[in-house]
Every structure is written in structure tokens, then in C-alpha cells.
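Listed below are the residues making up each chain.
2 protein chains.
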Amino acid sequence: MRESWVNYAERIGSDLHLELSAPGGKRAALIGALREAVRSGRLAPGTRLPPYRSLAADLGVARNTVADAYAELVAEGWLTARQGAGTHVAERTRPLHPAVHKKAPAPDPCARAPRHGRSPRHDLRQGTPDVSAFPRPAWLASYRRALSQAPNEVFGPGDPAGRPELRAALAAYLARARGVRTEPHRIVVCSGFAHALRLLFGGGGGNRDGGRQVLRGPLAVEAYGLPFHRELLAAEGVRTVPLPLDEHGALVDRLTRERAVLLTPAHQFPTGGPLHAERRAAVVDWARARGAVVLEDDYDGEFRYDRRPVGALQSLDPERVILIGSVSKSLSPAVRLGWMVLPERYVGDVLAAKGEREAWASVPDQLALADLIVSGSYDRHVRRMRQRYRGRRDRLVAALAERAPHIQVSGVAAGLHAVLRLPPGTERSAVEAAVRQGVALDGLAEFRHPDTDMAAHDGLVVGYATPSEHAYGAAVEALCGALAPGGTRVS
Amino acid sequence: MRESWVNYAERIGSDLHLELSAPGGKRAALIGALREAVRSGRLAPGTRLPPYRSLAADLGVARNTVADAYAELVAEGWLTARQGAGTHVAERTRPLHPAVHKKAPAPDPCARAPRHGRSPRHDLRQGTPDVSAFPRPAWLASYRRALSQAPNEVFGPGDPAGRPELRAALAAYLARARGVRTEPHRIVVCSGFAHALRLLFGGGGGNRDGGRQVLRGPLAVEAYGLPFHRELLAAEGVRTVPLPLDEHGALVDRLTRERAVLLTPAHQFPTGGPLHAERRAAVVDWARARGAVVLEDDYDGEFRYDRRPVGALQSLDPERVILIGSVSKSLSPAVRLGWMVLPERYVGDVLAAKGEREAWASVPDQLALADLIVSGSYDRHVRRMRQRYRGRRDRLVAALAERAPHIQVSGVAAGLHAVLRLPPGTERSAVEAAVRQGVALDGLAEFRHPDTDMAAHDGLVVGYATPSEHAYGAAVEALCGALAPGGTRVS
Numbered sequence: 001m002r003e004s005w006v007n008y009a010e011r012i013g014s015d016l017h018l019e020l021s022a023p024g025g026k027r028a029a030l031i032g033a034l035r036e037a038v039r040s041g042r043l044a045p046g047t048r049l050p051p052y053r054s055l056a057a058d059l060g061v062a063r064n065t066v067a068d069a070y071a072e073l074v075a076e077g078w079l080t081a082r083q084g085a086g087t088h089v090a091e092r093t094r095p096l097h098p099a100v101h102k103k104a105p106a107p108d109p110c111a112r113a114p115r116h117g118r119s120p121r122h123d124l125r126q127g128t129p130d131v132s133a134f135p136r137p138a139w140l141a142s143y144r145r146a147l148s149q150a151p152n153e154v155f156g157p158g159d160p161a162g163r164p165e166l167r168a169a170l171a172a173y174l175a176r177a178r179g180v181r182t183e184p185h186r187i188v189v190c191s192g193f194a195h196a197l198r199l200l201f202g203g204g205g206g207n208r209d210g211g212r213q214v215l216r217g218p219l220a221v222e223a224y225g226l227p228f229h230r231e232l233l234a235a236e237g238v239r240t241v242p243l244p245l246d247e248h249g250a251l252v253d254r255l256t257r258e259r260a261v262l263l264t265p266a267h268q269f270p271t272g273g274p275l276h277a278e279r280r281a282a283v284v285d286w287a288r289a290r291g292a293v294v295l296e297d298d299y300d301g302e303f304r305y306d307r308r309p310v311g312a313l314q315s316l317d318p319e320r321v322i323l324i325g326s327v328s329k330s331l332s333p334a335v336r337l338g339w340m341v342l343p344e345r346y347v348g349d350v351l352a353a354k355g356e357r358e359a360w361a362s363v364p365d366q367l368a369l370a371d372l373i374v375s376g377s378y379d380r381h382v383r384r385m386r387q388r389y390r391g392r393r394d395r396l397v398a399a400l401a402e403r404a405p406h407i408q409v410s411g412v413a414a415g416l417h418a419v420l421r422l423p424p425g426t427e428r429s430a431v432e433a434a435v436r437q438g439v440a441l442d443g444l445a446e447f448r449h450p451d452t453d454m455a456a457h458d459g460l461v462v463g464y465a466t467p468s469e470h471a472y473g474a475a476v477e478a479l480c481g482a483l484a485p486g487g488t489r490v491s
Numbered sequence: 492m493r494e495s496w497v498n499y500a501e502r503i504g505s506d507l508h509l510e511l512s513a514p515g516g517k518r519a520a521l522i523g524a525l526r527e528a529v530r531s532g533r534l535a536p537g538t539r540l541p542p543y544r545s546l547a548a549d550l551g552v553a554r555n556t557v558a559d560a561y562a563e564l565v566a567e568g569w570l571t572a573r574q575g576a577g578t579h580v581a582e583r584t585r586p587l588h589p590a591v592h593k594k595a596p597a598p599d600p601c602a603r604a605p606r607h608g609r610s611p612r613h614d615l616r617q618g619t620p621d622v623s624a625f626p627r628p629a630w631l632a633s634y635r636r637a638l639s640q641a642p643n644e645v646f647g648p649g650d651p652a653g654r655p656e657l658r659a660a661l662a663a664y665l666a667r668a669r670g671v672r673t674e675p676h677r678i679v680v681c682s683g684f685a686h687a688l689r690l691l692f693g694g695g696g697g698n699r700d701g702g703r704q705v706l707r708g709p710l711a712v713e714a715y716g717l718p719f720h721r722e723l724l725a726a727e728g729v730r731t732v733p734l735p736l737d738e739h740g741a742l743v744d745r746l747t748r749e750r751a752v753l754l755t756p757a758h759q760f761p762t763g764g765p766l767h768a769e770r771r772a773a774v775v776d777w778a779r780a781r782g783a784v785v786l787e788d789d790y791d792g793e794f795r796y797d798r799r800p801v802g803a804l805q806s807l808d809p810e811r812v813i814l815i816g817s818v819s820k821s822l823s824p825a826v827r828l829g830w831m832v833l834p835e836r837y838v839g840d841v842l843a844a845k846g847e848r849e850a851w852a853s854v855p856d857q858l859a860l861a862d863l864i865v866s867g868s869y870d871r872h873v874r875r876m877r878q879r880y881r882g883r884r885d886r887l888v889a890a891l892a893e894r895a896p897h898i899q900v901s902g903v904a905a906g907l908h909a910v911l912r913l914p915p916g917t918e919r920s921a922v923e924a925a926v927r928q929g930v931a932l933d934g935l936a937e938f939r940h941p942d943t944d945m946a947a948h949d950g951l952v953v954g955y956a957t958p959s960e961h962a963y964g965a966a967v968e969a970l971c972g973a974l975a976p977g978g979t980r981v982s
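Quick note, the sequences are listed as chains A and B, same order. In this text, residue positions in the first sequence follow our numbering: the first is 1, and each later residue adds one. In this text, residue positions in the second sequence follow our numbering: the first is 492, and each later residue adds one.
If we strip away everything but chain A, and leave its shape as in the complex, we get (with noise of 0.2 Å):
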């Protein structure tokens, strides 16, 4: 029951969140975005309205500020609260004030609509942490102490290649969680993925001449992976190449004339398993012999649960692996912070690529991520991060296994995602089926390289991650009652 209460203060929750950012205070875009949820009839007269603590956990606001709107919203006449029996929508709501509330905001025209239309119920699409557990108060810790000790110079012009406290604290942290062997100056910062992948093929915008590359296509990459880095890539002018997979990870065997390769060794995106550690030798081993260099996206590395840790791939051959790396999983992509382990020879082509100066990745969040790093805060939040994770991925191989025992699920020795694989053909109907239960997820198919001659494996895509805590019990469920023989409803 209670579960269920934290799931419909989400949903309200989640209806409310863009108003609740109009400035004014929370306070008050609260009480209005509920007065025209009600007035609107989105929540009907009789609506039990979600405890206090269930929607100000939700919202990310106190609970005092939560009990104040429904106490001014009873006051109006909207609401009526009764001893023990909770906040309900009134009967009979009829404005007390009509000239108290202002006509509704016009919808926001460069408000982006959720990829399924409206925001799905449970949301168990991969990419995003649990935002909910953004550590804030260590975050606010670090950013104060190394904005408050950082000398002047630090709000003048940066280096492109990032603060130095930054680059330190990374090559030492690399080292001893992902085993990667560096040292700062072959690191360079950046705004995440997606920006160090500009860097390299795009050359900052100097494409046009094709005199500032780093490196050039055609590009080999996984049969299967984000399609947002091929887009990005292709847009870039550059050709990728699929690579079939098995369960052993990319047939790095294939890899004849390219000059790059771009891998998820620790963890392959999405299918799941690490590259076989004999691939992982003969990979570099290719991009020795021709030249070549192999891109390691190194994407949730931090979030292993088995006791093999698979450290970087760039350990291998500092010279012949570009690792990239982001905060985007272990913390937030909000702070749009990544990161570049460079061979040599690649130092300077980056740096000119990025600028003359740092004209992307804020300065003073680099500080911050660099306190948080070296006063351990940031290790402490992985590993509870970790414990969340591990917990979660345990709940719903445990879920399936009691009523979806036909699902096979796979590469959930990592990450922030697991892959149910399904019968073939039958991708198409089971994602149907989730959404039918409420459940936003991708299929295997939106993965799969559009040149891949390899076969196609059904199966469905779950970011256990993405859900609040509390919101998760009930997206499990869900998805369980689409994927459970002969379609059983949740009760």
C-alpha cells in the first residue's frame, strides 16, 4: 500500500516538476501547480492526495513546505483534510478567489516531451542514475572548500586541458579504481562523452579544412551501441563500421583497415559482458600493428558487483588507448564534467582542437569534482551507489525469476542496466506489453547498428537506475506483470 503511494506522488510529482522551477519559491509554485491540477480536474474531486513525506521526498523539497501548500490549499477550499483520513481533492471545487490565481502558464514550447509522449509511470529507460541520490551536501562541501581556498587566477581564463588539481586527483584516482596508467598531463578535461568525441574527429569545429582532426574515419564500433555516438559521429563526417559481437564481446578479429576502434570493454553497452581477456590482448595488439587506436569508453566502470574487477583496457598500452570517461552515471550528468586519458602523441592535436583557452567545462565545478574526488567523498558515493545498484539489479533478476522465469537475463555483473533476452521475435510485442503496464524501456533493436550484418537478438533494455528509490518496487512489478506468462496483471 505504501509502496503504492510513493508511486502516485511520483506521478503527481513528476506532472509538477516543471512548474515547481518557476521562480517565486517553491512554496508557492507548489500551491499553484496543485490549485490548477485541481481546478483542471487532472486530480478529480475525491483524489487522495499522496502523504506529505511521499511527494516532498519526490520533489525534492521539505516536508513543511509540502504541509504548508495543502494547509493553504484547504484554506481556499480546493482541498479538505480530515483527522487520520488524509488531504483530499474537495467534492465540490469551485475558486474561493478567482482572482488569486493567474491563467495557467502557456506551455513551454521548448519543453522537450518525454521520447513516449507523457512521462511514463515507471521509467526503466537506460542512461541516467538515480537523481534522487546526487549527493548534494558533499557536493556543496566540495564545491564551497575549493572555491573558498582556490587562488584568483581560477576565475580568469582557463587552460584547456583543465584545472591541474583535477588532472592530479584523476590520474590517482584512475589508477586505483580502474587501474589505468597515466600521469595529469596526459589528461585532459572535458564536457563528457559526447565532447571528447567532437574533439577528436570534429577538431573543434575545424573540420572543414580537414587540417585539425585528431584522428579520422572510418571508425569501428560495436554492433551494437548507443545510436546517439553514431549520429553524433556520422554528423562529424565520419563512417562507422559494426562489429559483430558474441558473448565474448566484439570480434576484434575482424578489425582490418580501420584506424580507431571504439569499444566498452569493462561492460559492453548494452549487451552487457567484458571484452574476453584475450580480445582485450589482441585488440591492442592490432592497434599496434597498424597504427592504429583503440577508444575505450570507459561509461559505468565504477559500478562493478562481482569480485573480478575488469580494470581500464588502457592499462594494456597507455600509448594505444584513448580512455574516456564522465561523471554522467556515477554522479550526475547535470555536471556536464568528463574526461580524456591521452597516449603522447595525442596531448597536443586535443589541446588545439579544444581552444585556447577552457570554453566548456566550468571551472569551478572542476575544483569541486576534484575536492570531492581527493577527500574521498566521491569514492563513498560509488559505493553506495554501488550497494543501491547491486541491490537493485538483485530485486528484479529475483522478480523475474519468480514470475518471469522464461526470461534469461543477462550482463548484470555491472552497470546500471540489465538485458532480458527474449525469443526471438518478440522484442516488438514485450516493450508493447511494458507500456501497456506503464513501463518506459527500450528493445535491444534501437541499439543494433544499422549496417550490422550480424543476427539480431531480441531482448529489452532495463536501467535499473533510473527510478527513486522508493519509486522502483512498483516499476518492477510492472514490468513483471507485462513479461509473466499469459500477460498477468498487477493486482
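Since the hints were made in silico from the structure, they are not lab data. One or more of the hints may lead you astray.
Pairs of lysine to any residue, SDA-like flavour, derived with a Cα cap of 25 Å [to be verified]: (1) K517(B) with T571(B); (2) K517(B) with A562(B); (3) K517(B) with T538(B); (4) K517(B) with A581(B); (5) K517(B) with Y543(B); (6) K517(B) with E563(B); (7) K517(B) with W569(B); (8) K517(B) with G311(A); (9) K517(B) with N555(B); (10) K517(B) with D306(A); (11) K517(B) with R176(A); (12) K517(B) with V310(A).
Knowing the structure of chain A, use the given hints to seat chain B on it.
Just chain B now, with coordinates in the frame of chain A:
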């Protein structure tokens, strides 16, 4: 803190587990494993090792075993131990690949040499605000407030348009401070002026197929302007066509077949005058008649010292003018935030160029800036800096009037720099004289478009915002020493 050590110890521990089961005793195995971790660079120089207790607990060995192993490795020189400071990896550990590690702390190849070789004693180059004046307490307060109150969703993937809080704050601010006429949904947040140019002309990397640029060249520009902008445009394949200048600004009646013109209407950069009212009207008429667009570089619009504020050209026709601004001059170039105020018809294309998610501008920084503006702190800071810069301008003008009365100072009604007019043919020697006095500054020639046929002006561009407050007097003294008749040296 203990948490993080435990975590860290666990990570090191899991690296070491395998080796520890080797024959020969735990102590020897631990020593071997740690030595190898240091030797290979997996434990970087300077890394602090976990306390005995944490590592022992995680490895399941006696604390003394860890203590013995550390002691042994300290003796061998791999680790260092200082009373009360813990055990660290020695700074000079023997490299695995001599080619990778430098012998001594080699100079960082990423560190940029200051433009004049060494760091100048007196920096009067334009372009940077007084970095010592960054409003740290106000910024930190806004950052903390904004982040504490933000709903959880701000830590998810961001809307490429920018946070609604910031766009609303900017719309209101730009209306009252610059006379801009717009609405929040027509503002797109970006990383700064260069990013805006790339979004408009480079299509966010999609310029290969020519299908995604928002605007196309050739672009008319002022005959004097920032070389960086011309270079960036050239790299995007955009040809720039110089418009001659006179004392009333750009000769906009020379505009013909260009599709767009980039102007600095409030304060021509670098020569310093505002665009004459008739020309403001004329350029908008031209844009209307030709279906063209005016890019308004509002780089220092807040800093006007006379009593006649020059409002944004944008207000003359919000459908024909794109206004671009940033916090680089008003706050700091280290905070990577700028904005584009767009005609309705470009909003969709600019957002498409920016991508599906916010990949550039830090979302926490966006929230902080919104709070800074809404709370009034931004206005307060700008007011304070306006007074400070006006004081510096007055001091410069007074000093030159006394010490170098033959120099005409111009362009000083606004902004962060002045132009000292020089007799024809004397610019280079004046710059050199300044350098001899330890003063770094640029001559006007640096800013001249290579293709212009207008008569060259000799002059020095003096950025009076760059030095910190206490260093300014000496910088002006040194400059006067360089320019005084007879080249009098400052004692």
C-alpha cells in the same frame, strides 16, 4: 572519512586477493602485490595508502601483516611514511616505461606560455575582468541555495534550452538592464560566445552535410574585432567580410549580399564607440529587406559609464536580431555560461544543433546564476564592478593627461578597455616600449581584419580590468613610463 578508506581498502584489497593466495606467506604476497601496483603505476605517486586497519580488515589478514608490508616497502623506497600523515606512494618511483615517466617533475606540456613569453609584470591585455573581484560569497550563497532547493530532476539529463529558472531570470534581467524584448522560451543557454557562434554556423558538429547549420556565410564583420572569432568562423567554413569603421561605428550601408552581420553595437570592439542611432536603424532595415539577420555581440553591455545607456539593438527588431551575451566579462570566464536571445524562427534549429540533452552548460551553475540574478546579487556585483572600472578608467585618463598629454584616449564611455590613439606608424614601437616596462598589451593591428582596405589606425588597446585592484596603480605608472615623451623611465 573512514567509509572512504574502507572502500578504498576494499578496492586495493580486491586487486590483491588473487596474489595473496600465492604460496610464500601473506606478508610476502602483500609486499609483492603492493610493489607491483606501485611499479606499474596502478598506485600513482603521491597516492595515500589506506590505514593498516582498513586494508587488513578487507584482506582478512592481521594488522601487523599490513604494517610489516608497508614498513618493508618504505625501506625499499616505494612508499614514504611521515608521522601523522600516513603512508604514501613515493613521488619518485621507478618507472615501468621510461619513455612515459619523466625523470624529474618535467614542465607540464599542457601549460600554456603566457602570450608574451613570461608572465608579464603588468597585465593590461583586454579580455579578462578583475579575477580578484569574483563575488565568491554571493556566488556560493546562490549556489548553495539553488542546489539545496532544486527538485531532484535537475540532476537528470538537462533540457538543451537551459534551465527554465535561468531563462526566466535572463529574460527579466535583459529587459531591464539592456532593453531586450524577449520571452524565456526564446533564450537558449550555452557555454559562451564561441559556443553560440558554433551553434549558429557549425550546426553543433553537423556541418559536413551542410544540412544542419542555422545560419550560413558569408558573414559581415567589423573590420576591427577579435581575431579568435574570425578564426573560429573560418574553421567552420564561414567566410567573413570586413565592414569598414568610422567614428560612428560600422559602415552598415556597405552591406550587400551577406546573409548576416556580426556587430558590437553598444561598444565597438575594440575601437570603443557605440553604433550611431541612424546606423542602428539602417542595419535593421537592411536585415528586414534582405531577409538577413544581425548578430549582436553584447560583450560588455553592463559596463556603461556615461549617463546614456545604450540599449540592445535587439529591441529594434527581436525577429531580426540575435543577441549573444555571457558572464565572461561581468562575472568570470571560468563560469562557462552564455545565452542567445533568438528570433522565434531560429529557436528550433538552435536547439537541434545543441542536441537532445544539455551536453555543455553545467546545470548547477545555471541554477546558481539564476539565483544570483533573481536575488539581486548579480546587479549588486555589476554595480560594484562598474564603479571600480570607472575609477580605473578615470585614473588611466588622468595619468595619461599628465604624463603623456599627446596621447588621445578614446572608447572609454563604457567597457573594460580603452584605446590610446597613436600617431601613424608608431604602434609597434609603443607596444615594444610597453613591453620594456613590463607591460603586456596589444596594438590595434592585432584586431584588424586581414582583408579590410580601410586605413589602419595606430593605437594601443589597454585592458584596465585585468590587474587586481592593488596592482593597477603600478601598471598605469609603468604604461605612462613607456608612453611619456622622451620615454622617461619610471623610477
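Results of checking the hints against the structure:
Between K517(B) and T571(B) the alpha-carbon distance is near 21 Å, which keeps this suggested pair within the 25 Å criterion. The straight-line distance between the Cα atoms of K517(B) and A562(B) is roughly 15 Å, inside the 25 Å bound, and the hint therefore holds. At most 25 Å may separate the alpha-carbon atoms for a hinted pair to count; K517(B) and T538(B) meet this at roughly 23 Å. This hinted pair checks out: K517(B) and A581(B) have alpha carbons roughly 23 Å apart, not beyond 25 Å.
Distance hint between K517(B) and Y543(B) is fulfilled; the C-alpha atoms sit about 14 Å from each other, no more than 25 Å. Between the alpha carbons of K517(B) and E563(B) the distance comes to roughly 13 Å, so the proposed pair stays at or under 25 Å and holds. Our distance criterion of 25 Å between C-alpha atoms is met by K517(B) and W569(B), whose separation comes to about 19 Å. Between the alpha carbons of K517(B) and G311(A) the distance comes to roughly 23 Å, so the proposed pair stays at or under 25 Å and holds.
Restraint check for K517(B) and N555(B): the C-alpha separation of about 11 Å stays at or below 25 Å, so the hint holds. For the suggested pair K517(B) and D306(A), the alpha carbons sit about 23 Å apart, so the restraint of at most 25 Å is met. The suggested pairing of K517(B) with R176(A) holds, with an alpha-carbon distance near 21 Å, which does not exceed 25 Å. Simply put, K517(B) and V310(A) have alpha-carbon atoms about 24 Å apart, close enough for the 25 Å limit, and the pair holds.
Consistency note: the structure conflicts with none of the earlier hints.
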